[in-house]
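Given the structure of chain S, go ahead and fit chains R and F onto it with the hints provided.
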Amino acid sequence: MLRFALRRLGVAIAVAFTVSLACFLLLHLSGDLATSIAGPEATAAQIEAVRKQYGLDRPLVTQFADWLWHAVQLDFGRSYYFQDRVIDLIASRLPVTMILGGLALAFALIVAIPLGVIAAIKRDSWIDRLALVIAVLGQAMPSFWFGLTLIIVFSVQLRWLPASGADSWQGFILPVVALGYYATPAIMRLTRTGMLDVLGSDYIRTARAKGLRTGTIMFKHALRNAIIPVIALAAVQLGFMLGGSLVIEAVFSLHGLGYLAWEAIARNDYPVMQAIVLILASIYILLTLGADLLNAAIDPRIRVR
Amino acid sequence: MTDHLLEVRDLHVDIPLGHSTLHAVRGIDFHVDRGELVCLVGESGCGKSLTSLALMGLLPSRARRRAAALRFAGAELTTLPERRMADLRGNRMAMIFQEPMTSLNPAYTIGNQLTEALSRHRKVTAAQARDRAVHLLERVGITAAASRLGQYPHQLSGGLRQRVMIAMALMCGPELIIADEPTTALDVTIQAQILHLLRELQQEFGMAVVLITHDLGVVARVADRVAVMYAGEIVETGPVASLFAAPSHPYTRGLLACIPVPGRTRPGEMLGSIPGIVPSLTGRLEGCAFRNRCGEARDACAGPVPWRQGLAGQAVRCVGAA
Amino acid sequence: MTATLPLSDHLPPRSVFATAMRRVFGHHGLMLGGIILVLVALVAIFAPLLAPHDPYAQNLSRRLIPPIWHAKGTWEHVLGTDKLGRDYLSRLIYGSRLSLIIGLSATVISGLIGTTLGVLAGYFGGRTDAVINYLITTRLAMPVVLVALAVASLVGGSLQVVILVLGFLLWDRFAVVTRSATMQVCHGDYIAAAQAIGCSTTRILLSELLPNILNALIVVATLEMAHAILLEATLSFLGLGVPPPAPSWGLMIAEGKQYMFFSPWVIAIPGVTLLILVLAINLVGDGIRDATAPENRN
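First to last, the protein sequences are chains S, R and F.
Residues 113 to 417 (my numbering) are what the first sequence spells out, left to right.
Residues 7 to 328 (my numbering) are what the second sequence spells out, left to right.
Residues 156 to 453 (my numbering) are what the third sequence spells out, left to right.
What the hints contain is simulated information worked out from the structure, not anything from laboratory work.
Glycine residues also receive a C-beta, built at the ideal position from the N, C-alpha and C atoms.
Incorrect hints may appear among the rest.
Computed, partial: chain F to chain S, Cβ under 7 Å [stated by the list, open to error]:
#	residue
1	Val306
2	Leu385
3	Leu430
Across the chosen pairs, the derived CB separations fall in these ranges [claimed, not checked]:
#	chain 1	residue 1	chain 2	residue 2	range
4	R	Asn118	S	Leu242	33 to 43 Å
5	S	Ser365	F	Val286	36 to 46 Å
6	F	Gln339	S	Leu398	43 to 53 Å
7	F	Leu187	S	Ser237	20 to 30 Å
8	S	Phe194	F	Tyr211	30 to 40 Å
9	F	Ile223	S	Leu398	44 to 54 Å
10	S	Arg235	F	Asn288	46 to 56 Å
11	R	Arg304	F	Gln339	51 to 61 Å
12	F	Leu259	S	Asp169	34 to 44 Å
To be clear about the criterion: a stretch of chain S counts as covered by chain F if any three or more of its residues have a C-beta under 8 Å from a C-beta of chain F, and this derived list gives those stretches [said to hold, decoys possible]:
#	segment
13	129-141
14	252-265
15	358-367
16	383-397
For reference, chain S alone in the conformation it holds in the complex:
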């Protein structure tokens, strides 16, 4: 188990490093950073000054090594626009995004798992069809548009909930629903297929042969096995939701990490962009690593490998 975890951790660190490198190269090769930072009206001399000031005149390898050396010490430099230390900016914005993502995942799981289970047990019933409609719509709906629609209905028409801001817990309800709905279809479909597979298995027949009650069969014997792949998926979906929360944060004016990223992009605040990409990628990697370890803990067969 320990060796399994250590090996996976090694791969995770390598991936985080590669993602940083990829983003670094993407940003540097997409255009001249100094020109972007200096702005459209800057003279050639001003651009050169900016290049010097931010160290952009050094070779790429040096720049990356320098950035990485500081990044592993959680020093991402200073924001070009806000002038604060990037790490402080991130620390102040991260909680909002984490709360949003965590609640959105909880919402998705609470909706998707029971629906998936019922859809599998009552196959081809109306509830199975309803679940399918929810899944199909969820996959086809742009999340920003769904967010705007929620605002129109619940904030403007019904006046039940605030349209923006994280000042009160009510402000989180609509963004959580908008973001969580994005992950619902995949989790629901996987729960349903998993349950269908498991319900047809020999050990469920054994459980029935023991005369166990339906509830015990469904929740103890079936769901436990069907849920194993769902855990990994949920972790991946949480990673995607944190990455995609930018859109929802922009729609609901929630000042989280995504909103910060949007501001940074609009202002060519390159150290902030780079840091956020690294942080989000690392969170994603940690989540998938955590899911693998959790899977190993739940499924005794994986532990041996």
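What follows is chains R and F alone, placed relative to chain S:
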């Protein structure tokens, strides 16, 4: 008549396919007495496994079961609500399956799966259930039984798993055990051990056993009585000794000719085989189902085939059998 | 042996193709999705003939006219006008071109990248496979929206940039599917047979492998096309995709956002259109998967 432990009359199992219906079991009758080991024997696809599932009420959801009578220990199973049926299952009637590798839940320990069978039907403490599990694991020949309780199915070999399945079936001390090809998936040496164990336990606990198998060698070793199935019907039944000594149905004779007999089958000698294929089970089937493969078929075989009683409790459904 | 039982009726044999076709036409989702998709494609192709107005023509005296089902609607502008007085229906019609072009082009690019990587990984295995697997993991760890936005912002938003960025970001699923399919096929007997009669590696890959994984690729392509269209709308909504005054549906929603409290239809109309197009693509993908791989049906 009513003192049989299990009495089956005119049992049918139908499986609806798209446009037609597969009549997998076509009106079979048999009974099992207390403390008796009855073998249902036949080729694969003859309906013997579905029969066993039909008795336990474990048929796949699309299969349909109907019977004139399906009496177990005085209770009529055809009209019993599912809830009451579940009270019987694993309690007074238990089942052992063919696939020990997949029949145990991979996510739970052996101990957990053994004890839940007992605590579902009896008011017992966790310690009592555990003691019973250890005792039965030891009885089915598993060493270091107490430490096995914490193990997961994937840590055990196929033979060990089947022993666990047997112990699980014994947890509540059932009156009837239905074993569906319990040794087919195992190595030959393990097969003999498991079979021997089953026979031993059956005699020790005085249980009735219905053993489903395709292997007449198995039947010869353990059975009290035999019912031979072909194409969803029982074609011959009787005590094992007399049936093996004087098989009346051509199909039974064909099956017997297929087993090598130590000492009698010489090296290089051809074993018997039955030519032809089993008829499709979708439509109605009239007359003897075996007649297209039978060397002794005659015109009368296409008509109704009555049961004929033989000596010593033997019975056969064949026009030609005298 | 000769005397078969006359009373047993056998199921008529049904070919694999016929079974698949029955599933296709028995499957309403695929039909519905297909019809919608064909209609959208026709609208995009014949946009100049169908659009009642110039999608770029502004008329500030006719701003924010509501659509026809509204009390103040007029037949002149069936779906109303936007904040600059441009005809909404015409913009919607021309917008279908953008969505389809971006969806198709990005999918083709990502499909080429992904299948190439997948075939290489699956065919050569070993170290090649490990490297490509690592690339896939890395790609999955990159936040797509963020990276796409950052690059589009640095290079400057345009149709080509959006297509390229999405094409270079969405290849992962193609690679995963192709990789496992290639592995399966390469272990199949017919590859060995083809090698035995002296076919070259390339020829084997082209003639044996691609037809075998085509179905899976089509399904992934529909998924990625839907994904690309949604991402384009998202980028344009955030102001870093296709630049104004292009009639991108995402941009229309962004431009309508400030008026949505009083005129909800300005975001409802492009949003629902987008939803219907993506829904149709997903339905087609699901339908093809069901029709070609019944065991994967869920």
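Hint check results:
no., hint, result
1, Val306, "5 Å, holds"
2, Leu385, "5 Å, holds"
3, Leu430, "5 Å, holds"
4, Asn118(R) <-> Leu242(S): 33 to 43 Å, "35 Å, holds"
5, Ser365(S) <-> Val286(F): 36 to 46 Å, "43 Å, holds"
6, Gln339(F) <-> Leu398(S): 43 to 53 Å, "32 Å, violated"
7, Leu187(F) <-> Ser237(S): 20 to 30 Å, "22 Å, holds"
8, Phe194(S) <-> Tyr211(F): 30 to 40 Å, "38 Å, holds"
9, Ile223(F) <-> Leu398(S): 44 to 54 Å, "53 Å, holds"
10, Arg235(S) <-> Asn288(F): 46 to 56 Å, "36 Å, violated"
11, Arg304(R) <-> Gln339(F): 51 to 61 Å, "53 Å, holds"
12, Leu259(F) <-> Asp169(S): 34 to 44 Å, "41 Å, holds"
13, 129-141, "holds (count 6)"
14, 252-265, "holds (count 10)"
15, 358-367, "holds (count 3)"
16, 383-397, "holds (count 7)"
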